[in-house]
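Take the sequences, apply the hints, and build the full model.
Number of protein chains: 4
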Amino acid sequence: MGDLLPEPFVADSGPSIAYVCEIVSVGEGGADMVAKRPDRTLYQEAAVGVRCRYNERKGVFYPVMWVTTEWSLMRGILNGYQKRLADRISLTKLHPLNPGLGAVGPGKEFGGFCVKGPETTLSLGVNLERRGEPEDLPSFGATFGLRRYPRTDPSQGSVDEPVEILKSNSKVSDVWLGTGHLSTTLELGEFKVLSGAVYRSGFTITGSKVLKP
Amino acid sequence: MGDLLPEPFVADSGPSIAYVCEIVSVGEGGADMVAKRPDRTLYQEAAVGVRCRYNERKGVFYPVMWVTTEWSLMRGILNGYQKRLADRISLTKLHPLNPGLGAVGPGKEFGGFCVKGPETTLSLGVNLERRGEPEDLPSFGATFGLRRYPRTDPSQGSVDEPVEILKSNSKVSDVWLGTGHLSTTLELGEFKVLSGAVYRSGFTITGSKVLKP
Amino acid sequence: MGDLLPEPFVADSGPSIAYVCEIVSVGEGGADMVAKRPDRTLYQEAAVGVRCRYNERKGVFYPVMWVTTEWSLMRGILNGYQKRLADRISLTKLHPLNPGLGAVGPGKEFGGFCVKGPETTLSLGVNLERRGEPEDLPSFGATFGLRRYPRTDPSQGSVDEPVEILKSNSKVSDVWLGTGHLSTTLELGEFKVLSGAVYRSGFTITGSKVLKP
Amino acid sequence: MGDLLPEPFVADSGPSIAYVCEIVSVGEGGADMVAKRPDRTLYQEAAVGVRCRYNERKGVFYPVMWVTTEWSLMRGILNGYQKRLADRISLTKLHPLNPGLGAVGPGKEFGGFCVKGPETTLSLGVNLERRGEPEDLPSFGATFGLRRYPRTDPSQGSVDEPVEILKSNSKVSDVWLGTGHLSTTLELGEFKVLSGAVYRSGFTITGSKVLKP
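Protein chains in written order, with numbering that gives the first Met the number 0: chain E, 0 to 212; chain D, 0 to 212; chain C, 0 to 212; chain X, 0 to 212.
Worth flagging that the hints you see were computed from the coordinates, not collected in a lab.
Be aware that a few hints might be false.
[Stated by the list, open to error] Here are the simulated EDC-like cross-link-like pairs (lysine to aspartate or glutamate), alpha carbons at most 20 Å apart as the crow flies:
#  : chain 1 : residue 1 : chain 2 : residue 2
1  : C       : K208      : D       : D11
2  : X       : K92       : C       : E160
3  : X       : K57       : X       : E6
4  : D       : K92       : E       : E21
5  : E       : K92       : D       : E160
6  : D       : K57       : D       : D11
7  : C       : K92       : X       : E55
8  : E       : K92       : D       : D38
9  : E       : K92       : D       : D173
10 : D       : K92       : D       : E21
11 : X       : K208      : X       : E55
12 : C       : K92       : X       : D173
13 : X       : K92       : X       : E21
14 : E       : K92       : E       : E55
15 : D       : K166      : C       : D152
16 : C       : K208      : C       : E160
17 : D       : K57       : D       : E160
[What the hints assert, rightly or not] What the simulated footprint calls covered on chain C by chain X, stretch by stretch (three residues with Cβ under 8 Å from a Cβ of chain X suffice, anywhere in the stretch; the number is not a length):
#  : segment
18 : 58–71
19 : 91–105
20 : 165–172
21 : 194–207
Every residue, glycine too, gets a C-beta built ideally from N, C-alpha and C.
Now the structure itself:
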């Protein structure tokens, strides 16, 4: 997957990550938006993240992160994520009162996919085997990004800087572990899916900080 | 709201209903679809239901029920729902690990809306005041429908029959009660929003049965 | 392609058809809708049609016709088309004043595709070679359909009747001929793309008539 | 409409503009994309442009320009347009072979609208009265923009520069003139619709140049 890494990031050993998820997101002091403008607080996201280093600092860089709303696209691009707009992202949802669906547990399967134009750019699935703990999930260190606003004419200013995206308040719950499978139109090279997981997580992003050499 | 009722249904006294929701739906034996084709198991729905009678039988008829997927549209039309396709239905979602969102409770607000073409056909909100029980929700009796497949030429067959939609296994949980507000492009006439509620529910629909005179 | 034909239609020899197009459609007396509700007058359509017979009568039956709007879906289903809703249909558009696009002519390529869920259900292209006449396009005879509104319970009525869809006022113009290519998730069996064409056409559909044995 | 103008642009006397259109767009050397990836060459756009000056230079600034695809959104933002993503833009299309639609001419009406979330952000219409010439359309001078990539942290670089967007090869054809009407959720202040027009236009955008004081 190292081919997907732009400078100055360097591929590092250890597992990378791919995911499909739904995100409830509010700005600081904007909790009432979930009721007044729910379309501004919910989106789906699909991404591939490559384990890497910036000098000695370990982390993950997401060569592409597809999202389903303009506001998550634009906000992410300002923070340094390589966001793209998906036509559609779909993922497993369960409902505790649906008489046709049992409870989450071993043997259950989750899946998700992302469509853009005529392509299913990412499709993945997880077969649950056992309960897990937050500590069972791979840890990456920093979340790296690139803030890029290129010039289209020599008279213009531009930005091109590696950043660390500032995440805090991270919490993880409801972890289930199992096997996984993955297909994508990204040129990942040869890879092996080591494991799969389903979980909830929450965090705060306060912006991003330029990485110093 | 009686103006929205087609024959043979007759308006009855008591509160009617409007809602916006997200539905996880699987066919009999199709639980694995939530992973293999999640787009075939999730949709949003917005509807207005009018309290009414068929002869002496009490129930509710939904003059329009907007949905966001083809399969829920077509399945509903075969069962007797007056389903229409929405361009977009959006509603409040919370996330237990979002650091900017507190827990569900008094003072919290929920909202949802449905867009079709240039119109927001339905928009509603609920301000939570207190926990409730399933018994606190209005009860309607039967769910009525109309199976309609009209002819476009005298040589053709047609169907036009009042039905009762067969729901079973109904369960309700996580009930919160409060005040509500509602706006719609439907011609409801004068109405007053008596109360609002947020809850989960689950049920099985096994088809619909023609109502006998 | 005969496997896609339901009774009472029987496969016939000669070329079948697949197309992707954009349709401007107005009801009788509804020409002002193009300005007042343009979303109710424009849609995209993708379809495969199989050459067949009903007794001795020759025609074409479309096992599936994907469209992008609810109103074309529902109207088509009442007339006997096997319509389905696409997530997206995209096709070549030219613009006479675009400085980067030359005029239509030999060597130009047209293409289109239809996406539904995670699948590109139909994708096709045409390489133009020469001007043609309306008479150069394959002629099918009747347009057959099936009006189907099945029962979901023994108490219900149903409709299941073969029809001929009534088209009149047919006009064709701007015909270009060439080679074509096609891929689809439909199980067409073995097939060969004989030729491709790009053209405009217009017609009136006045309904459909039940076929008599 | 001057309230919508950011510094350093200053409102100027004379008519402003609002439009809804469909655009066929290809990059340099990318004409074959219309066939291979038609979804990358077609989009709809709706915008309001305010007549203004930059020092003594006359032009137009578009406080918002809604578009329907990611690639037109991102390309425009790099060039200095204040682009936003629409949920839907719909506009009148005619078809020369549709038996229910007459030819373009006096008395015909065109319309279009843009929807984003629960709002119809722009809706407009034109009633045709007479043929016109390209010279009958208002002329603005330069097309101004603002290239903006703000910082989210003091360590970051940023761009904030007024530009002139470089358009060439402009051609206009098929001009029809008449009366117009307009409604929008933008806070335009008091305004009067002076006239309406329907036309085709084509041009090349080669980038944008920073405006010097």
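K208 (chain C) paired with D11 (chain D) [C-alpha distance capped at 20 Å]: Roughly 41 Å between the alpha carbons, so the hint for K208 (chain C) and D11 (chain D) is violated.
Pair hint outcome, K92 (chain E) versus D38 (chain D) [Cα-Cα no greater than 20 Å]: At roughly 10 Å apart (the allowed maximum being 20 Å), D38 (chain D) and K92 (chain E) satisfy the hint.
Given pair status - E55 (chain E), K92 (chain E), alpha carbons within 20 Å: violated, 39 Å
Per-stretch coverage check for the segment 165–172 of chain C, three Cβ contacts closer than 8 Å to chain X: Holds, because 4 residues of the segment 165–172 of chain C bring their Cβ atoms closer than 8 Å to Cβ atoms of chain X.
Restraint check for K57 (chain D) with E160 (chain D), where alpha carbons must lie at most 20 Å apart: Judged against 20 Å, a Cα distance of about 17 Å means the pair holds.
Pairwise hint evaluation, E6 (chain X) against K57 (chain X), where the allowed Cα distance is 20 Å at most: OK: K57 (chain X) and E6 (chain X) at ~14 Å, within 20 Å.
Satisfaction of hint between E21 (chain E) and K92 (chain D), Cα-Cα up to 20 Å: holds, 10 Å
Given pair status - E160 (chain C), K92 (chain X), alpha carbons within 20 Å: The hint is violated at about 35 Å.
Given coverage of the segment 91–105 of chain C by chain X, checked by CB-CB distance under 8 Å (3 or more): holds (count 11)
Pairwise hint evaluation, D11 (chain D) against K57 (chain D), where the allowed Cα distance is 20 Å at most: Satisfied, since the Cα-Cα distance of roughly 8 Å is no more than 20 Å.
Verdict on chain X covering the segment 58–71 of chain C, where coverage means 3 or more residues with a C-beta closer than 8 Å: violated (count 0)
Restraint check for K92 (chain C) with E55 (chain X), where alpha carbons must lie at most 20 Å apart: Status violated; Cα separation ~40 Å.
Hint violations for this structure: numbers 1, 2, 5, 7, 14, 18, all remaining hints satisfied.
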